[in-house]
Amino acid sequence: MAKVIAIILVATMVTAALVPIECATVIDKELERKAKEALDAVIASAPPEKKSETTDAAVNLMAMSFICIGWAKKAGNEEEVVARINDFKKAADQVLAAAPAHKYKVMEETFKAVPCAL
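Mapped onto mature numbering (1 follows the signal peptide of the UniProt record, and there is no 0), the consecutive letters of the sequence shown carry residue numbers -17 to -1, 1 to 101.
Check before you lean on any hint, since a few could be wrong.
[Unchecked claim] Computed list of lysine to any residue pairs in SDA-like fashion (alpha-carbon distance at most 20 angstroms, straight line): (1) K72 with I50; (2) K57 with A46; (3) K19 with N69; (4) K12 with K88; (5) K17 with K88.
[To be verified] Cβ-Cβ distance ranges computed for the label pairs, FRET-style: (6) R16 with K88: 17 to 27 angstroms; (7) A40 with A66: 35 to 45 angstroms; (8) P30 with A80: 19 to 29 angstroms; (9) G59 with P31: 41 to 51 angstroms.
Hints listed in this document are in silico derivations from the structure and should not be mistaken for laboratory results.
Just so you know, these numbers come straight off a predicted model, no measurement behind them.
Positions of the beta carbon are idealized from the N, C-alpha and C atoms, including for glycine.
Modelling step: build the complete structure from the supplied sequences, incorporating the hints.
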């Protein structure tokens, strides 16, 4: 149930962030797939007593990644959009490659390391 709520929350946050931008930001399908896999992996690896807290934090990181890409799109800088998409793909790959006990920490470090003009 928490996972469903988290996914709905991400979708709502991304939609709300992109509506004022008035652009149809097309997020790379591979990034969408990798981001979902990374989010699922982080949530699945969280200890039961920290599942809710970890889910909230991971969802926020994921939402900020898509907002970052949306803002680059709004600025009209296609090179920046492609660079941010590739950065977040690499970050998601690192999360997926991390040991279960380290998935959230890796997500936090790699997603926050991506440059974003927020």
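Results for each hint:
At most 20 angstroms may separate the alpha-carbon atoms for a hinted pair to count; K72 and I50 meet this at roughly 15 angstroms. Among the hinted pairs, K57 with A46 is consistent with the structure: their alpha-carbon atoms are about 16 angstroms apart, no more than 20 angstroms. Proposed proximity of K19 and N69 is supported: the alpha carbons are some 15 angstroms apart, at most 20 angstroms. Straight-line distance between C-alpha atoms of K12 and K88 comes to about 25 angstroms, which puts the hinted pair past the 20 angstroms bound.
As the CA atoms of K17 and K88 are separated by approximately 17 angstroms, the hinted pair is consistent with the 20 angstroms bound. Distance hint for R16 and K88: a CB-CB separation of about 22 angstroms, consistent with the stated range 17 to 27 angstroms. Restraint check, A40 to A66: a C-beta distance of roughly 25 angstroms breaks the suggested window 35 to 45 angstroms. Between P30 and A80 the beta carbons are some 20 angstroms apart, a value that agrees with the proposed interval 19 to 29 angstroms.
Judged by the Cβ atoms, the range 41 to 51 angstroms given for G59 and P31 holds: they are separated by roughly 45 angstroms.
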